[in-house]
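First to last, the sequence lines map onto chains R and Z. The first sequence maps to residues 0 to 188 in numbering that gives the first Met the number 0. The second sequence maps to residues 0 to 189 in numbering that gives the first Met the number 0.
Watch out, some of these pointers could steer you wrong.
Unchecked claim - Residues from chain R that keep clear of chain Z, each with C-beta distances beyond 10 Å, as calculated:
id	residue
1	ILE61
2	SER71
3	THR81
4	GLY86
5	ALA88
6	PHE116
7	GLU127
8	GLY160
9	GLY161
Said to hold, decoys possible - Distance ranges between label pairs, derived from CB positions:
id	chain 1	residue 1	chain 2	residue 2	range
10	R	TRP179	Z	ARG112	33 to 41 Å
11	Z	PRO109	R	LEU135	23 to 31 Å
12	R	PRO64	Z	LYS72	37 to 45 Å
Said to hold, decoys possible - Covered stretches of chain Z, going by a simulated chain R footprint (3 or more residues, C-beta under 8 Å):
id	segment
13	50-56
14	63-77
15	117-127
16	132-138
The set of hints was computed from the structure by calculation and includes no laboratory data. Ideal placement from N, C-alpha and C gives every residue a C-beta, glycine not left out.
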Amino acid sequence: MELVLAIFLGLLFGFALNRVGATNPENIINMLRLNDLRLMKTILFAIGISSVLLFSGLAFGIIDPSHVSVKSAYVGVIVGGTILGLGFAIAGYCPGTGLTALSAGRKDALFFVLGGFLGAFIYMLSYEWLNTHTFLFNDIAGGATSLVETGNEKYQYILSGGLGKIIGLFIGAGFMVLAWILPRQILEN
Amino acid sequence: MKGTLSWYMGGVLLAMAFFTAVLLVKPIGVSTQFVIADGLIWNMLDADVITESDSAKSGYESSNAYLNKSGGKYAANIANPLNYSFVFVLAMMAGSFLSTLLGGDKPQSPADREMPSVWRERFGANPALRYIAVFVAGFLVLFGARLAGGCTSGHMMSGMMQTAISGYLFSLGAFATALPLAIIMFKKNK
Numbered sequence: 000m001e002l003v004l005a006i007f008l009g010l011l012f013g014f015a016l017n018r019v020g021a022t023n024p025e026n027i028i029n030m031l032r033l034n035d036l037r038l039m040k041t042i043l044f045a046i047g048i049s050s051v052l053l054f055s056g057l058a059f060g061i062i063d064p065s066h067v068s069v070k071s072a073y074v075g076v077i078v079g080g081t082i083l084g085l086g087f088a089i090a091g092y093c094p095g096t097g098l099t100a101l102s103a104g105r106k107d108a109l110f111f112v113l114g115g116f117l118g119a120f121i122y123m124l125s126y127e128w129l130n131t132h133t134f135l136f137n138d139i140a141g142g143a144t145s146l147v148e149t150g151n152e153k154y155q156y157i158l159s160g161g162l163g164k165i166i167g168l169f170i171g172a173g174f175m176v177l178a179w180i181l182p183r184q185i186l187e188n
Numbered sequence: 000m001k002g003t004l005s006w007y008m009g010g011v012l013l014a015m016a017f018f019t020a021v022l023l024v025k026p027i028g029v030s031t032q033f034v035i036a037d038g039l040i041w042n043m044l045d046a047d048v049i050t051e052s053d054s055a056k057s058g059y060e061s062s063n064a065y066l067n068k069s070g071g072k073y074a075a076n077i078a079n080p081l082n083y084s085f086v087f088v089l090a091m092m093a094g095s096f097l098s099t100l101l102g103g104d105k106p107q108s109p110a111d112r113e114m115p116s117v118w119r120e121r122f123g124a125n126p127a128l129r130y131i132a133v134f135v136a137g138f139l140v141l142f143g144a145r146l147a148g149g150c151t152s153g154h155m156m157s158g159m160m161q162t163a164i165s166g167y168l169f170s171l172g173a174f175a176t177a178l179p180l181a182i183i184m185f186k187k188n189k
C-alpha cells in the first residue's frame, strides 16, 4: 500500500513540477535574477495554500499529526543553504527539478545529477569529520522546532493552542498574499 | 511558456502535491535519495558497507558514519531500496516524463536540450562549458543539501508549509547566495 502511495504521490509531484515550469532552468535562473518572478509567485502560493490546508486539517483532526515531520535547525542548515544556493544559481536546478528535468529530456540535467551523486558521496565521507571537528551541527532554537504547534509530540514549538492555530493560518494566508502582490519583474537586467 | 500553467493555477497544482503527501504519508523530500542511490552503488562494489545488525534500531548498520546515523535508517533503506521515499523519487521522474508526453514543458530544440537560452546569451553555445559548470553546481547543491539536511522540496516547501524554523533558516541561506550570484552571473552585456 505504501508503495502504491509512493507511485501516486511521486507521479503527481513530478507532473506538477513540469507543469509549473520548474523543470526548465531558464525559469529558475530568471526567477533568481529577479527578471521573471512567475515561478516565485507559484512557489509562494503553493506554500501558502498547503500550509492553510495543513493547519486546518490538523485543527479539525483530519490529518494525523504523526505525518508531520519538522526537520532540525542547526548551523549547518544555514551554511548548507548558502552552498546549495550557489549551485542553484549556476545550474538553475535543485535536486528535485534536476531529476525531473533529466526525465523531461534535458541533457545538462544529466551532468547536474552526476555532480549531485558525487557531492552527496563526498558529504557522506566528510560527515564524521565535520561532526567531530566543527560547530556545524550545533542546534538553533532547540533543534526540531516549529513556529506553530503541530500536535506531533516529537517536535517543539513556539506558539501553542488556539493562538498558534490562528497564527499558523495567518502565516499561510500571508504567503498567498505575498504571491499575489509580488511583481512579475523586479530587475530588467 | 508553452506547456506550463498560469502562476496561480500552477501554485494550486503544486500545493495539491505537497498537501496530499502530508495528508496521506509524510512531507515531500528528495535530496536524501541521492545518498541512497550512492549507497546502492557503493554497497554493490563493497558488500561490507551495509550489514545486518541485531543491535541497530533499523536492523542494519554501516561502516560509514553518515549511513549509520539515526539507528542505521539510511543503511536500512539502501538494503531495501523498494521503500516509500526511493520509489517516490523514481515515480517523480516518471511523472515529469509523462507530463512532457501529454503536452508539458520540454526542450524546444536540440540547442535548448543542452542549455537554457539565458546561459547561451551570456556564456556562448559551447555545451562542454555548460556541462562542466552544471556538474560543479550539482556537486555544490547536493553537498549543501546534505549538510542542511534537506533541499528546496524538504526544507523550503515542506518546511515552511509546517512553519519549521529550519525551513526559514534554509531559505534565507539559499536565497542569500542564489539571488546575488544569479544577478551577477547572468547580467547581459550591452
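Verification of the hints:
1. ILE61: 8 Å, violated
2. SER71: 6 Å, violated
3. THR81: 5 Å, violated
4. GLY86: GLY86/R not clear of chain Z: closest Cβ-Cβ about 3 Å, inside 10 Å.
5. ALA88: 4 Å, violated
6. PHE116: At about 6 Å from chain Z, PHE116/R fails to clear the 10 Å cut-off, so the statement is violated.
7. GLU127: Check fails; 4 Å does not lie beyond 10 Å.
8. GLY160: Holds, because the least Cβ-Cβ distance between GLY160/R and chain Z comes to about 15 Å, which exceeds 10 Å.
9. GLY161: 16 Å, holds
10. TRP179/R to ARG112/Z: 33 to 41 Å: 34 Å, holds
11. PRO109/Z to LEU135/R: 23 to 31 Å: With Cβ atoms ~43 Å apart, the hint is violated.
12. PRO64/R to LYS72/Z: 37 to 45 Å: 21 Å, violated
13. 50-56: violated (count 0)
14. 63-77: holds (count 5)
15. 117-127: Holds: 3 residues of the segment 117-127 of chain Z have a Cβ under 8 Å from chain R.
16. 132-138: Answer holds; 7 residues pass the 8 Å Cβ test.
Hint compliance for this structure: hints 1, 2, 3, 4, 5, 6, 7, 11, 12, 13 are not met, and every other hint is.
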